[in-house]
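K.L.:
Chains as they are written, first to last, in the working numbering: chain A, 1 to 622; chain B, 1 to 622; chain C, 1 to 343; chain D, 1 to 343.
Hints should not be assumed to be uniformly reliable.
Dumping the calculated DMTMM-like pairs for lysine to aspartate or glutamate here, alpha-carbon to alpha-carbon at most 20 Å [as the list claims (entries may be wrong)]:
{"id": "1", "chain 1": "D", "residue 1": "K188", "chain 2": "D", "residue 2": "D65"}
{"id": "2", "chain 1": "B", "residue 1": "K466", "chain 2": "C", "residue 2": "D65"}
{"id": "3", "chain 1": "A", "residue 1": "K440", "chain 2": "D", "residue 2": "E44"}
{"id": "4", "chain 1": "B", "residue 1": "K440", "chain 2": "C", "residue 2": "D248"}
{"id": "5", "chain 1": "A", "residue 1": "K466", "chain 2": "D", "residue 2": "D16"}
{"id": "6", "chain 1": "C", "residue 1": "K325", "chain 2": "B", "residue 2": "D198"}
Among the chain C residues that face chain B by a calculated CB cut under 8 Å, a handful are [unchecked claim]:
{"id": "7", "residue": "E46"}
{"id": "8", "residue": "N47"}
{"id": "9", "residue": "D65"}
{"id": "10", "residue": "M246"}
{"id": "11", "residue": "G249"}
I should point out that these hints are in silico values taken from the structure, not numbers from a laboratory.
Where is the CB? At the ideal position from N, CA and C, for every residue including glycine.
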Amino acid sequence: MEKTKSPETVRMNEERRDVTILFAGDSGDGIQLTGSQFTNTSALFGNDISTFPNYPAEIRAPQGTIAGVSGFQLNFGSVEIFTPGDMCDVLVVMNAAALKANLNRLKIGGTVIANTAGFDKKNLTLAGYIDGNNPLENNSLGKYRLIEIDITKLTREALKETPLGIKEKDRSKNMFVLGFLYWMYNRKLGPTEDFIRDKFAKAPELIASNLAVLKAGYNYGDTSETFTTRYEVKPAPLPKGVYRNIMGNQAVAIGLIAASRKAGLPLFYGSYPITPASDILHELARHKNFDVRSFQAEDEIAAITSAIGSSFAGNIGITASSGPGIALKGEALGLACILELPLVIVNVQRGGPSTGLPTKTEQADLMQALYGRNGEAPIPVLAPASPRDCFEMAYEAVRIAVEHMTPVFLLSDGYIANGAEPWRFPVSADLTPIKPPLRKSAGGEAYMPYARDGKGVREWVVPGLKGMEHRIGGLEKEDITGNISYDPENHQKMTLLRAEKVRRIADFIPEQALDRGSPDAELCILSWGSTYGAVKTAVKEMIEEGYSVAHIHVKYLNPFPKNLGDLLRGFRRVMVPELNHGQLVKIIRSEFLIDARPLTKIKGLPFTASEVKEAAVNTLEA
Amino acid sequence: MEKTKSPETVRMNEERRDVTILFAGDSGDGIQLTGSQFTNTSALFGNDISTFPNYPAEIRAPQGTIAGVSGFQLNFGSVEIFTPGDMCDVLVVMNAAALKANLNRLKIGGTVIANTAGFDKKNLTLAGYIDGNNPLENNSLGKYRLIEIDITKLTREALKETPLGIKEKDRSKNMFVLGFLYWMYNRKLGPTEDFIRDKFAKAPELIASNLAVLKAGYNYGDTSETFTTRYEVKPAPLPKGVYRNIMGNQAVAIGLIAASRKAGLPLFYGSYPITPASDILHELARHKNFDVRSFQAEDEIAAITSAIGSSFAGNIGITASSGPGIALKGEALGLACILELPLVIVNVQRGGPSTGLPTKTEQADLMQALYGRNGEAPIPVLAPASPRDCFEMAYEAVRIAVEHMTPVFLLSDGYIANGAEPWRFPVSADLTPIKPPLRKSAGGEAYMPYARDGKGVREWVVPGLKGMEHRIGGLEKEDITGNISYDPENHQKMTLLRAEKVRRIADFIPEQALDRGSPDAELCILSWGSTYGAVKTAVKEMIEEGYSVAHIHVKYLNPFPKNLGDLLRGFRRVMVPELNHGQLVKIIRSEFLIDARPLTKIKGLPFTASEVKEAAVNTLEA
Amino acid sequence: MSAEANTLTAKDFTSDQDVRWCPGCGDYSILKQVQTVLPEIGIERENVVFISGIGCSSRFPYYLDTYGMHGIHGRAPAISSGLKIANPDLSVWVITGDGDGLSIGGNHLIHMLRRNFDMNVLLFNNEIYGLTKGQYSPTSPEGKVTKSTPMGSVDHPFNPLALAAGADGTFIARSMDRDPKHMREILKEANLHKGTSLIEIYQNCNVFNDGAFGVFTDKKTKAETTIFLEHGKPCVFGENDSKGLMLDGANPVIVDLESGEYSVNDLWVHDKHDRFKSGVLMRCFDTPMPDREVLPRPFGIFYQEDRPCYEDLLHEQIAVSINRKGEGDLDALLRGKNTWEIA
Amino acid sequence: MSAEANTLTAKDFTSDQDVRWCPGCGDYSILKQVQTVLPEIGIERENVVFISGIGCSSRFPYYLDTYGMHGIHGRAPAISSGLKIANPDLSVWVITGDGDGLSIGGNHLIHMLRRNFDMNVLLFNNEIYGLTKGQYSPTSPEGKVTKSTPMGSVDHPFNPLALAAGADGTFIARSMDRDPKHMREILKEANLHKGTSLIEIYQNCNVFNDGAFGVFTDKKTKAETTIFLEHGKPCVFGENDSKGLMLDGANPVIVDLESGEYSVNDLWVHDKHDRFKSGVLMRCFDTPMPDREVLPRPFGIFYQEDRPCYEDLLHEQIAVSINRKGEGDLDALLRGKNTWEIA
Ligand SMILES: Cc1ncc(C[n+]2csc(CCOP(=O)(O)OP(=O)(O)O)c2C)c(N)n1
Ligand SMILES: Cc1ncc(C[n+]2csc(CCOP(=O)(O)OP(=O)(O)O)c2C)c(N)n1
Ligand code: SF4
Ligand code: SF4
Ligand SMILES: [Mg+2]
Ligand SMILES: [Mg+2]
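For reference, chain A alone in the conformation it holds in the complex (with noise of 0.2 Å):
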């Protein structure tokens, strides 16, 4: 028989602003899955969502123990919600292990769903509970509300009437779970339903048991008298339009098709696997039909001089990988700088340094961005702060790229590529049009591949172009003809010509704005990339409670906006929240001579909003 603890704290129907609960269980025990169908179902109705998976590095880690807990928090909300949250409300742990390793990020009074048959002698040992302490019974859990189910008992008898077997009945539990879930947050099957019947399609006793065991947790809510409060949490009053679920990673990937269909470029991408960008090569891998080109190298030099040589046939070459990898592609960024063709770059970055932690997320790498290859070759970078504002930046990317004939990097991190959140997605005929400056036919003067517009971009011509032939390498070149050149001068005024192109670009990307607050606060949060979320979080609390604290968001790091300087003067102090040891508070100290201070985590989490709201008013109150 399954019990509740604490009934004091039942209620019936509840209504809740936004809620985060955290699935937790072993690598195999479907937790992914079954976060990312709460995700959808959420989304569907109506809710704000941000979502935060987090996996173990070893594909199965061992079975029960700490390494091998799988997680996948996420906060929904009928309010605008930035970030997967900072604490739980909900903890759903399927073994003993999960419970150990999570326990620490539930609040204080919030519920854990426990599957009792992870929490036998072996789970409790192998998870490091001593002489098989169980903490579901020996009252440690005293502070929360505990709801104990021996799910795997529950789902092997929902499926008792099958021919399946004992390993196929248990892969089913986590259906029970989200079925549960379901029930006591007041949510349609549906669309869970429909997931079901089209992932198993091939396998129709697999739909049908699927389906029994998600009907069983919901019903045993519906059911067992004990749980008699539902919560609700209703739809978030977002603008109004069409919405979708993205991840990050997916959304890097739409987001460089659209702009490779709206610039009428091929899409070439050369990459090599990489924990965390593998998924954009996957993702782009399926769209063929929109002429993407997916070249997986034999390693990451490959992948970026291959779409350095497809850039050159005329496609808009694209190349992703994660830290180590990015390193490797160094010498060629490069070639392609000098060579000034179109190339974007995609940084999901991770944990360092060298291999560090490869399923973790950490914004390290911005210095390699800026600096990470010899001589004096300047590219751009950008960095999105949001799973949805991938497909943002990764369509900026590539119209920076092709329209100023410029490498281009993408900095996105471990955190957003996985995460998850609504998109109002745009229709195509609003997408900026992307105008390559791509010579389309021959005639008129001599080609001369290194003369410059007004933006000091040069023309592109593609092999193929009758009369245009043209030689171009990495050996400094003459201003103009692009021939070889060892003068003194030349390379001076070349290398003073790239620069300038790229500084040019503070012309066509949009001005810095205030993301919230007052230009003359006393505290301005400069945050970049991931921490996009959190901050806001902080800033909008902190306001609330009366602070006098802004908010501002680079997304474009090289060149910065050119109203960046004078906006961060505004402000009596500057503090930068990093995750990393300081990396933009070095170049806004040298740049723009303030004295910025830097708020660093290095642990391969996302910062809390607590964690930036609780610095910013130390700050405050220093």
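Position chains B, C and D with the ligands against the provided structure of chain A, taking the given hints into account.
P.N.:
Relative to chain A, chains B, C and D with the ligands alone:
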């Protein structure tokens, strides 16, 4: 008949403080050899010296053209010499192209020594003198003293008794020039005669012919009545001691060997050829009897990773390259950093980006050294100031790498690599001891690979030591044990420990000294690397002229000497001359929040003292 | 071989780290065989070094209580080369995967083979990228559907042994995770070979490429689809050794030993020193299909050759140099040939 | 082939840039032959692209009035792969050296070969690093004294053709700078081959490695030291075709055609489609020495095989995908499968 124009400038036995000679000719003309012979002879005579070879990118660029001109500039004096000289007193040209390419470097009133045989119609056309307009004959050299000699003819005459072919005879015409200049500057032939005997030991007929031509050149000066003036450049008042002449790359090689011997570690040198770093490989490969293991790897990645492997096994692993090759090493640098193994990476910088200007000098890889890899991977960076300083800083690089268990960057450049100067070499016994934190015997407590001493340095245990078996790798490791750890707090801790270890190296390097000037001068010129000589010369002159200027030269670029910030804050202005688009200046601004201003030159050429002086005077008078 | 080493057991070569491969992964068997063979070989633990790149397989060194380095992707051969030069006395084992060793690390691998360092290379071939969760690798068959090739791979795969032979490898062998005894034998032979020993090991990735080698490893099919090579022995295979290989020119043909037409004495006798015949065996590479008979896939030592090792030649030069010029005199080096004095 | 292309001459393929190799360099001859062959092949200039890495040889593209890119060291095969995928209609020529293509670029080369892009690769082998002024390369013979090996190299060199065969190259040939006619023929055949054509060209670096191939290229010795392979023709060589090759098992032996014992009809007939026999020819690799007779060094097309090209298979998948799903609909992609409306 040879003639001397402007005979009014001819005087007898003149004394000179210092003289700059630029030898220029076709790359096949033996210019580099002539230059280095004159250098050695002058050094042996006791002059202070600085040299600057400047050769074309092609192995044999088309004969007679500007692209094919090879140059060797040397400045020697009875006073201290810090640069190869801004403008030349004497320009030796073996053909028309050499004149055309270099005339702008000759002082008004300076001397041109021209081989008239190199000014025939073909040569004039190849050099781009239109319509065969011979500059030796059209009075265009009126502002200079012109000495015309048909060197080719005189060389052949000197050898007319020998059985050599014309081609072979012509090959020794550089000896004629050398002999003539020895006469002009009152030098002995002895050292060059010895050199000839040594070099051609296996070809006695070449000994005879070269000696004959050398003497013929000398005698030509002596007997030809037109040359009544000889110059005297007395020995310089250098500190007492025994001297030798040394080039930068050679000094690096010797410094590395010396350090490996003093540390008691075999030297492993993994490298892949690249201009201008290859000479270090060539030099090291010659010293196998010092237990030097030089390994020409298949590429730069194998070069550095083999060096890492050798360090794991207890050698001191060294790798060297130039910009593009260094770019390829970025990923492995992260590995060395997280492993905390000693490693020295030499970058002999050249013009970039990409292949750039392979035979020209630049300082544009500082940012790459500091930041060219993924994640937070701090690596100490040192830069020698001059050819002889390469010895000291290479030695320092090994010392720091070994004693602090870290990769260390040594940033040389093409200018000092190929330049030469006199060196009062040390006695081996006087060299700073180097003490590797090497466990020599097993026993005691269990080995904890990432336990640290007071300096934050781990102990080095090498395979072969019984009972101390352990595994290291590129994933984040647990503090002390070194086991793989994905723990968030541990990652932050380890990142900070690695940073702190590098920061603390500041306790083990000299405090920053003021090179010249007063600590509260109006302007401080802050230099690094090969700009040392030009800045020193400029500041010396300015102080003599009464300007309020000071000079600081930084050789330790990461970490900075502890007192650098305080020193810099004492000046009203700080100017940072660099052969790049402004790199160190960015760090200085960011680190010390000082409005330091760049002085940049990106021409593949070193600063001249007057360029620095002019900019400094302008700053002071602005 | 020290007396003490003799008494060591597999357990002594097991480190204290939890093994973190997926349950059922073929890597476990390889680890087991290596841990079993090492004490038999009799090298002291402290003189053994395992170097790997990145990949599931490359976690291997953590699990052995020897010296070890988990390097970076593809670079294990280069790291090992430096290590072997630094200390030629160490017993060096390189652990790599089909992605690590043949994709990003292909160049280092072929250069190591030609240089012939005395090392043992274990190439875990599972025809997939395991650690990055299932992309095709340079050994995946054409048409392979994976995460990165939803319509099937269009890459013609490497034949790793033929590539190694092309790079002048001196010891080229193949084994499989599911035949522990064979693997142990080959490991021992590899260790005895002076030079770079390359062993390709078919390894099942039961998560992303389950059963890739099932046809060779399953009891039901193994006898018909595989042939185990032994030097100097005739090439027999099949249930009850009922079949054999003969050479028709350079073409291997299968003959039936039961019909009476051919006997064992007619068969091709395997000669691991014969470069060309071993090359023919390396090219027995067609995948068995239900509808057509193909040649059996050979396992064992295909080729072996004696050739000097890089590290020995290098250290010989050092010795010769010291012999000729004497141990390096640092002061003489500092002083150089031409000096002058300023008094 | 356009009518206009037909009328082009070598001059039309000559760019306006000064050629900057050392006087006497073998590169000149190769440039000349390529410039001669291109108009004969009849591809329009605008559809020809030369891609190179870094090295003396890699300056090649600058001298041709076609499209071209002087890339970075070792990466020409990868650059070309991307280019060929981007536009399969281009005629792509890869120019590389023994250092560029076999040292730093070895991995890209072998992967290009297995993928079999339809391109022509000219590997200028001068057994030295020319541009960096004379270090040994992966093809330099053992014992070679160079700037980086003052006591002689201890590296066992690659046999580039054997390596290419190990990587499943589909067209493998050798020619030499000093035999313009032969080179032109091979260039034309390479162009006709659909797939990656690798031509190793012996090229004299008269500054840093003069005479490395003298024994094969000098009139005096050439007849005895070389053999020119022709498909379907017997393997004859020597002064007045006085000698021939026969196969003894897998061992080639030299026979005298003048003694009367053997006639041309007894000889080995070269079959470029025979993987094993061509492999035997690739291994005829001993350097002639005054004191011992060795097999002649073969030139010509060793091996040729038809196999689908990567770029064709890729574009076929694109076509199939469009066929199945229709031309990509951007709005459908943006919208995805699950949407909801907030009104
Ligand atoms: C420079 C770099 N690129 C890519 C990766 C990502 N990565 C890690 S392992 C791997 C391939 C693994 O495949 P394989 O070598 O076959 O080993 P397996 O996991 O199958 O044992 C890749 C692509 C990396 N770690 N470093
Ligand atoms: C990354 C990088 N490493 C090294 C070099 C220096 N480098 C230029 S060409 C070359 C080798 C040239 O040899 P090869 O390919 O045989 O061409 P060759 O000059 O003999 O024609 C080297 C090492 C470089 N340019 N880039
Ligand atoms: S993913 Fe495959 S290769 Fe990796 S541990 Fe799991 S089963 Fe083994
Ligand atoms: S160095 Fe050698 S390969 Fe290079 S151009 Fe000169 S002769 Fe030719
Ligand atoms: Mg694999
Ligand atoms: Mg070469």
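K.L.:
Does the structure break any of the earlier hints, and which numbers would those be?
P.N.:
4, 10, 11
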